[in-house]
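Participant: The lines below spell out each chain.
Protein chains: 2
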Amino acid sequence: MIAVKGYAAQNAKTPLAPFSFERRTPGANDVLIDILYCGVCHSDIHQARDEWGGSIFPMVPGHEIVGRVAQVGSGVKNFKVGDLAGVGCLVDSCRTCPSCQQNLEQFCEVHSVGTYNSLEMDRKTPTYGGYSNKIVVDERFTLKVSDKLKLDEVAPLLCAGITTYSPLRHWKVGKGQKVAVVGLGGLGHMGVKFAAAFGAEVTVLSTSSAKEKDARRLGAHHFINTNNADEVKKARGRFDFILNTVSAQHDYNFLLNMAKLDGTMVLVGVPPEAVPVHAFSLIGGRKSLAGSLIGGLKETQEMLDFCAAHNITSDVEVIAIKDIESAYARMIKGDVRYRFVIDMATL
Amino acid sequence: MIAVKGYAAQNAKTPLAPFSFERRTPGANDVLIDILYCGVCHSDIHQARDEWGGSIFPMVPGHEIVGRVAQVGSGVKNFKVGDLAGVGCLVDSCRTCPSCQQNLEQFCEVHSVGTYNSLEMDRKTPTYGGYSNKIVVDERFTLKVSDKLKLDEVAPLLCAGITTYSPLRHWKVGKGQKVAVVGLGGLGHMGVKFAAAFGAEVTVLSTSSAKEKDARRLGAHHFINTNNADEVKKARGRFDFILNTVSAQHDYNFLLNMAKLDGTMVLVGVPPEAVPVHAFSLIGGRKSLAGSLIGGLKETQEMLDFCAAHNITSDVEVIAIKDIESAYARMIKGDVRYRFVIDMATL
Numbered sequence: 018m019i020a021v022k023g024y025a026a027q028n029a030k031t032p033l034a035p036f037s038f039e040r041r042t043p044g045a046n047d048v049l050i051d052i053l054y055c056g057v058c059h060s061d062i063h064q065a066r067d068e069w070g071g072s073i074f075p076m077v078p079g080h081e082i083v084g085r086v087a088q089v090g091s092g093v094k095n096f097k098v099g100d101l102a103g104v105g106c107l108v109d110s111c112r113t114c115p116s117c118q119q120n121l122e123q124f125c126e127v128h129s130v131g132t133y134n135s136l137e138m139d140r141k142t143p144t145y146g147g148y149s150n151k152i153v154v155d156e157r158f159t160l161k162v163s164d165k166l167k168l169d170e171v172a173p174l175l176c177a178g179i180t181t182y183s184p185l186r187h188w189k190v191g192k193g194q195k196v197a198v199v200g201l202g203g204l205g206h207m208g209v210k211f212a213a214a215f216g217a218e219v220t221v222l223s224t225s226s227a228k229e230k231d232a233r234r235l236g237a238h239h240f241i242n243t244n245n246a247d248e249v250k251k252a253r254g255r256f257d258f259i260l261n262t263v264s265a266q267h268d269y270n271f272l273l274n275m276a277k278l279d280g281t282m283v284l285v286g287v288p289p290e291a292v293p294v295h296a297f298s299l300i301g302g303r304k305s306l307a308g309s310l311i312g313g314l315k316e317t318q319e320m321l322d323f324c325a326a327h328n329i330t331s332d333v334e335v336i337a338i339k340d341i342e343s344a345y346a347r348m349i350k351g352d353v354r355y356r357f358v359i360d361m362a363t364l
Numbered sequence: 018m019i020a021v022k023g024y025a026a027q028n029a030k031t032p033l034a035p036f037s038f039e040r041r042t043p044g045a046n047d048v049l050i051d052i053l054y055c056g057v058c059h060s061d062i063h064q065a066r067d068e069w070g071g072s073i074f075p076m077v078p079g080h081e082i083v084g085r086v087a088q089v090g091s092g093v094k095n096f097k098v099g100d101l102a103g104v105g106c107l108v109d110s111c112r113t114c115p116s117c118q119q120n121l122e123q124f125c126e127v128h129s130v131g132t133y134n135s136l137e138m139d140r141k142t143p144t145y146g147g148y149s150n151k152i153v154v155d156e157r158f159t160l161k162v163s164d165k166l167k168l169d170e171v172a173p174l175l176c177a178g179i180t181t182y183s184p185l186r187h188w189k190v191g192k193g194q195k196v197a198v199v200g201l202g203g204l205g206h207m208g209v210k211f212a213a214a215f216g217a218e219v220t221v222l223s224t225s226s227a228k229e230k231d232a233r234r235l236g237a238h239h240f241i242n243t244n245n246a247d248e249v250k251k252a253r254g255r256f257d258f259i260l261n262t263v264s265a266q267h268d269y270n271f272l273l274n275m276a277k278l279d280g281t282m283v284l285v286g287v288p289p290e291a292v293p294v295h296a297f298s299l300i301g302g303r304k305s306l307a308g309s310l311i312g313g314l315k316e317t318q319e320m321l322d323f324c325a326a327h328n329i330t331s332d333v334e335v336i337a338i339k340d341i342e343s344a345y346a347r348m349i350k351g352d353v354r355y356r357f358v359i360d361m362a363t364l
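Protein sequences appear in the order of chains A and B. Residues in the first sequence are numbered consecutively from 18, following the working numbering. Residues in the second sequence are numbered consecutively from 18, following the working numbering.
Here chain A stands alone, though its shape is the one from the complex:
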């Protein structure tokens, strides 16, 4: 076994604190990664505080992991010691069901193994995430990371990046299309960068005019304060595609009204309660309300390669791991531009 240091929540009520544990000795197909940076996702808070139910404790959060390969198993083909590597939200799946065969491991019909707060395929062994100094992952679930980009800024691509890249690709967003990104946070700011890179005309919808300057810097062409009734009225029927990154409770009908004929709004945020949808909001314009969940391994690699080719990274604030609870507190207030990343050298 491999001795690992990390930070863990012992239960839903107490702050994260130092935690020593063990990971499996790398098998034939495994890669041992020395973790350099781990991004802090809002879902880390939900899970560490058991806000979605079913949390497994002790919990080492973190699924936006970049590091350097320290050891490889005898069967590993694509990684060698010293390579940069990334790990996202998944570390295993059944690999044989129709979803896995379509490279959509996130929708594995048998069991997709989350990087933390999950059980391995044996359904017994808990998984521990990236708020730690080492991780052991099958190379099939390990991603290549370019050395052209700043590593701290790459970490959030593993979740915030793929979560926004995947729906924009799946729904073929590009040139000639008007795209709205709702909410300018960890997900939204990546959505703006990708939609702009794909050639779309991008509008940020936000409740805070303070975000307009940043929205434009990140690549948005327009900004609408959704509290401004006049601006909202003018945007009626405007957008081909709406990427909705908001996880606070909010009104979908209001936003669907801004979609054009055959327009789609895709949810990547999960509000705490179900949101009432009027049938007329969809019927009047043959509109769609859809959802998207991270991305498969193949698409995640494609996204990382796209980022390397187009010099796209996340805007981050690097923190020491001892400051994780104050980072959580700031995230809950929306006070981060746009992703906290833990420097694992501080562990």
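You can trust all of the hints, since none of them are fake.
Since copy identity is lost for identical chains, a pair holds within one copy or between any two.
Calculated pairs, DSSO-like style, for lysine-lysine (alpha carbon to alpha carbon, straight line, at most 27 Å): (1) LYS189 <-> LYS277; (2) LYS277 <-> LYS315; (3) LYS141 <-> LYS251; (4) LYS141 <-> LYS250; (5) LYS315 <-> LYS97.
To be clear, the hints were calculated from the coordinates, so they are not data collected in a lab.
With chain A's structure known, arrange chain B on it following the hints.
Facilitator: Just chain B, lined up with the frame of chain A:
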């Protein structure tokens, strides 16, 4: 002006009763149709009783109209006296906006003129529907009707038919796909016939096992009683496409759970209240919830031609117009198999 006899609601509270009114003298592009049959749509009740608000009284309902051409204007090219003709939910639109140019007049960005309870393009002249003996319509909004099919059974195709045909075509439902039709009423029974004709494997979902026999007769391959928890559990992730025809209040999440990866549920019924949708119901499987509204004129003609070629019509109960209120009462109880059609000879 043309003298017309019909049945009208004088206000939301009183029963429909005989009503005499006038229609415009046919202009150069108009067709005068002697109405033979008019289907009775559930939306006739909602509008006659002002349940959706904004009703225009007096109201002559009816937008499932078939009849025979009695007179044509000097510019009419496609109809001659004696031809069979149909009129559906629309009698005019701006004809020049992007929606109209795409043959999607039902989504006209300027104003689509409903066959009744609507105002003409002048925004002043109320429209009166098919519970009457004559109608005058621009030939562009008049449909060709084959003499191969029974006319009383054709009438409901003009609304119930196109409302179900259009989404099945738009979402490319066909061979190799598993399709669910939710609700077996006026819309649902047409959805079953079309989905089966397009080669899909069709399952009817209904709260009433009494409908199973009919479902199979209409072309369904399977039947699920949605009150049977075991059957519902087994159907998890089964359907590529769900055509939801239910206009009673019901749970969308429960049905979305039966859609497979990348599956779509399309609403053609409008429940009285907004329905709460859990983001996870869509995100877990990249599913879509969409809406569809009747169809444009071109597609409505295509549907009528398809029906003539494949011998598809509606299952109807023909009634005398004096019995319209008792027909409404039976429709509200779901007691009609599957569409009432008024024989206008009884007027």
